[in-house]
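Engineer: Here the protein sequences line up with chains A and B, keeping their order. Letter 241 of the first sequence, counting from 1, is numbered 240 in numbering that gives the first Met the number 0, and no numbers are missing. Letter 552 of the second sequence, counting from 1, is numbered 551 in numbering that gives the first Met the number 0, and no numbers are missing.
Since the hints were made in silico from the structure, they are not lab data. Any given hint might turn out to be false.
Under the rule of at most 27 angstroms between Cα atoms (straight-line distance), these lysine-lysine pairs were calculated in the DSSO-like manner [what the hints assert, rightly or not]:
#, chain 1, residue 1, chain 2, residue 2
1, A, K153, B, K153
2, A, K242, B, K153
3, B, K210, A, K153
Just the calculated beta-carbon pair ranges, DEER-fashion [unchecked claim]:
#, chain 1, residue 1, chain 2, residue 2, range
4, A, E479, B, H159, 55 to 61 angstroms
5, B, H227, A, K121, 53 to 59 angstroms
6, B, H159, A, F134, 44 to 50 angstroms
7, A, H159, B, A628, 51 to 57 angstroms
8, A, H159, B, P216, 28 to 34 angstroms
9, A, D27, B, Q385, 54 to 60 angstroms
10, B, Y237, A, N160, 32 to 38 angstroms
11, A, D273, B, G376, 27 to 33 angstroms
12, B, E131, A, D273, 41 to 47 angstroms
13, A, G376, B, E471, 57 to 63 angstroms
14, B, E378, A, H159, 42 to 48 angstroms
15, A, N160, B, R414, 32 to 38 angstroms
16, B, D281, A, N15, 30 to 36 angstroms
Beta carbons are placed, not taken as given, at the ideal position from N, Cα and C, and that holds for glycine.
2 protein chains.
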Amino acid sequence: MVTLKGGYTGKILRVNLTRKETRVEELDPNLAAAFIGGAGLGIKLLYDALPAGVDPLSPENVLIFAPGPMTGTDAPCASRMAVVARSPLTGGLAVALSAGHFPAELKFAGFDAVIIEGKAEKPVYLYIKDGEVQFRSAERLWGMMTTDTQLFIKEEVGDHNTRVACIGPAGEKLCRIACIINERRAAGRKGVGAVMGSKNLKAIAVRGSGKVKVDDPQSFSSVLRDMHKLMRDDPALYPGLSKVGTSAAVDVTSAMGIWSAKNWMDTGVFSPVDKLGSQALDQFTIRRNPCYRCPVGCSQVRLARSGRYAGVLSEGPEFETIYSLGTNVGVDDPFAVIAGDRLCDEYGLDSISAGVTIGMALELCERGILSREEVDGLELRFGNAQAVLDLIVKMANRDGFGDVLADGSRLAAQRIGRGAERYAMHIKGLELPAYDIRGAKAHGLNYITSYTGADHNRGYAFQEIFGVPVPEPVDRLAVEGKGKLCKWNQDFSAACFDSPPFCNFLNSVLGPEGPRIVAGLLNAASGLSLSPEDIWKAGERIMNLARVFLAREGFSRADDTLPPRLMEEPIKSGGSAGQLISREDLDKMLDEYYEARGWDKETGLPTKEKLVELGLEYTAEAVEKARTALRK
Amino acid sequence: MVTLKGGYTGKILRVNLTRKETRVEELDPNLAAAFIGGAGLGIKLLYDALPAGVDPLSPENVLIFAPGPMTGTDAPCASRMAVVARSPLTGGLAVALSAGHFPAELKFAGFDAVIIEGKAEKPVYLYIKDGEVQFRSAERLWGMMTTDTQLFIKEEVGDHNTRVACIGPAGEKLCRIACIINERRAAGRKGVGAVMGSKNLKAIAVRGSGKVKVDDPQSFSSVLRDMHKLMRDDPALYPGLSKVGTSAAVDVTSAMGIWSAKNWMDTGVFSPVDKLGSQALDQFTIRRNPCYRCPVGCSQVRLARSGRYAGVLSEGPEFETIYSLGTNVGVDDPFAVIAGDRLCDEYGLDSISAGVTIGMALELCERGILSREEVDGLELRFGNAQAVLDLIVKMANRDGFGDVLADGSRLAAQRIGRGAERYAMHIKGLELPAYDIRGAKAHGLNYITSYTGADHNRGYAFQEIFGVPVPEPVDRLAVEGKGKLCKWNQDFSAACFDSPPFCNFLNSVLGPEGPRIVAGLLNAASGLSLSPEDIWKAGERIMNLARVFLAREGFSRADDTLPPRLMEEPIKSGGSAGQLISREDLDKMLDEYYEARGWDKETGLPTKEKLVELGLEYTAEAVEKARTALRK
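Excised from the complex, chain A in its bound form (with noise of 0.2 angstroms):
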């Protein structure tokens, strides 16, 4: 019998908001060896919480606050948690992972997990301390911006050093891009801030004077001294990414040619580097703010310096940011940019689906296909800052043609009709990070078949964008072999960094060396005995799971699939001129990636013979109901 003796507190918080209950219940160590924390754990609870087809803004959508076993003890970048629930975006599943110092002091309060079900009858927000969990009126917060929240909260409860994760308006009026700011950190995508509001939730504050005790502290040290070293020698970690923060990989995505701009019309033409690049944004910086035990610090506060928006800060923007709210939308005022971020952050909007849903209502605009009387009289073109900035504040006030675009690209899309669904660049609904993914094939397989939609962290393929030869070398523009290196760097994101969890940008750090660290460092903090091959078995596992709720929910290969623009629309300038992925493409990439999952290739569903193989069978049921419901 498995005990966990550290790293895990071995507790986890369920709070029904209807009935104003909480229990705390034992974490299964069997749970936790299979599945670890985070992302694998809330998957598991998820899975196990919720019926199929539940809608994802009722009470019985269940949303979970999961950091891991690594939260809060001394190894570095693991402040993070997962946030997971059914989707209001997508309806398939929302994992969306935030960091900064929410998800340690989780763990210092003694909680593995918090799973919120229910709705409260009136606003709330919940403070924890500790083991002890209140539940306070939010009617005043209701309706206020993120940043006051935390002030009003932490002063209310009297200490400033407690943490809050909370909605602002957007999350509150239930638009489905809405997030959960922690800090200045967001739980960004998928929609996890319009389940916080359908539960009536405006924050979670948190406070803990425990610690994460670690079992073997000897091991456990030298694992970790293991990790700084390839931190240390790691070319990009710490001259780049801590200097500069993710701005780098605009310059790096530029040069090649996968800079989206322009709702991806533009790719490779409209690539302003000079004024939205890492020496650009630099200048602007005023302080790095780590997240807790993190020695990298790739976060950069930065202030407009001049010009309309003066004054205004924000913690960002981070490399999607810049896409989406800049070359995006045809903006290269880095002042814009930051102004955009903190309207986002402030008002709790997902930048990326944000930016991303103004692009197709610019270009819409552009066609002629919307008027300028549908848009409330805004003057909306590609550059014109002013106006992407009063659409943001109208979609989190759901005001006037704020309304149309509040739900995302896809929603957007149908309610405007005039076959303007074809300019919504999303995937499952979730809309496209910066990456022009028809130059880097496998990253776009990740997109096409992640279990979130357009995710580009949920098995980011650093082999193509940084070059960087692990396992093996390859060739982004190629299609052959995608489908295989897209389930490695799925399973290895899924075991390594979303569940521990780690933060992602070590990935092509630790390289083939992340599942002997984990492991490491997973049986030193716990008791565990996992090997290597564990982790990467407990990572297919979670993909699995992943796509077996997908499955459930009535999705398959057909929704496997690509915005039609990169399908049919080469890119047209550039380091990657003339890339597309064609429908063929497409198809041979999902053949090989169903193949190496051992998922079979007319519906794209796991076998049950690999559902057994990774000790699923509990959900063989409701895969075999699922793909005969297909084949009908």
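Following the hints, complete the assembly by docking chain B onto the known chain A.
Structural biologist: Coordinates of chain B only, in the frame set by chain A:
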């Protein structure tokens, strides 16, 4: 020989920014007895520190932060401080009082006053922790708004209970209507924020672990009981101010027809109590936010609930801002006023001066004196709330037409020319507060003669506004008797409110008991033996020294005047219809006032006899010099 046994810390911190030197000096007990503290002490320290003719934005100006002997004790409503300098807006005295927690913290850190001299080579902030003072770089904070600035400094010093007073972009850019913000309070008027900016001083952060002892706790408590009884018995304090804040006065002054609107054209015409009155605003109050040791807690935090500004929160808007960014600019949307209030606080602009200057610009546009091209294409008309908000940002950033307005109405009108001066609603350069003084003559005379310009707080005629018959009943519309009443109010205010200091909102509450209570508390705290008459005398002394300061800078009777509109255009409608202050009325009131003061009527300067009587003989030479110059 007088010694100070409590109440006072007995220490003054002198900081020279040019030389990066600090010195702790003893507070002369005779100064304490003669000028009490706060504004009184600040004026005395400034008078001694400055020669005549110092450029207010040069390193030679001095910026003083002075709480008083009551600050930090158990006395209610005393966590206040006077911020004192030569004003860049008026050229006279800047005395701006702020409250909250910072003033008490400064006492806990050990200081009765902080005197800032010189100019830092590069942006700095001061960190005062108990007796210790650090100069810290503020280069990275330069450009930041005030909420972010406070948060960043608290994070940087690692103590969220630190209190911070800071400037925003407006102060850095030397806007002559810039304020200083601590917490969500302002030392608002007369451009003290620009003085701080001119010194390259972004902020003062303070933390103290000390206590303010009182010499005779039993006597102190006994007088406090009297004070609390007066407060409890007041019909307006707890039932009104405590419940709905200063918005209560919107109802009162609207009913009297002295609530100003549309740059003073539409007093009595545009008074939307239904939208901006106390009941209307109370719906949006989410919390009171009392100052340290204040049982009243007038400050209301309000949240915009819907529409374009939904989600924006401000501490306020106070009475004055409801006028300046509301009716004065033709706006009756409470959420727009909340948004304007927040913008002024974040950028660090005085909301009264900003709104009144904008009101002038709106009138100039409506009259065709300013063209749309000259105002950057903005549609400037009364009631266009978004244009008002856009102008606030432009003023703080000195962006385009905002640069024309950034230094207040007097300078803006001079820059515009074409007769614009007629529409600039200021006295001595300071913009008019809300009360239409055409219908409250003693209140008007106070604006006219105040040493700071049109200032409602340095001698508030509560008799006229609230009908309190203290020291005797008055007819607010009468001219006779107002000279004497104005002197009474000013001496009362200087001695009992601006210097101990106590909140001005207690002026009608303490009434004639004020000097007795102040004397009792001062004596019990400090071991002084002042009579109520000594307190009255201190008030008169402070008023006279302030007048001497102005005389030295060339001010005289000729400057004690009004905008021509108030002398020529009667109030159109409402409870004060037909009222104005004619030139004849003005002269009558001034004659009576100077006589009551013992000042000569020709120049409006103190006589030598009066100065000697008040122990200010050392100023006589300067006054005679000024008088001689005026007579030439």
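Engineer: State for each hint whether it applies.
Structural biologist: Results of checking the hints against the structure:
no. : hint                                : verdict
1   : A/K153 x B/K153                     : holds, 14 angstroms
2   : A/K242 x B/K153                     : holds, 24 angstroms
3   : B/K210 x A/K153                     : holds, 25 angstroms
4   : A/E479 x B/H159: 55 to 61 angstroms : holds, 56 angstroms
5   : B/H227 x A/K121: 53 to 59 angstroms : violated, 36 angstroms
6   : B/H159 x A/F134: 44 to 50 angstroms : violated, 25 angstroms
7   : A/H159 x B/A628: 51 to 57 angstroms : holds, 55 angstroms
8   : A/H159 x B/P216: 28 to 34 angstroms : holds, 32 angstroms
9   : A/D27 x B/Q385: 54 to 60 angstroms  : holds, 56 angstroms
10  : B/Y237 x A/N160: 32 to 38 angstroms : holds, 35 angstroms
11  : A/D273 x B/G376: 27 to 33 angstroms : holds, 29 angstroms
12  : B/E131 x A/D273: 41 to 47 angstroms : holds, 46 angstroms
13  : A/G376 x B/E471: 57 to 63 angstroms : holds, 59 angstroms
14  : B/E378 x A/H159: 42 to 48 angstroms : holds, 43 angstroms
15  : A/N160 x B/R414: 32 to 38 angstroms : violated, 49 angstroms
16  : B/D281 x A/N15: 30 to 36 angstroms  : holds, 35 angstroms
Hints 5, 6 and 15 from the list above are not met by this structure, while the remaining hints are.
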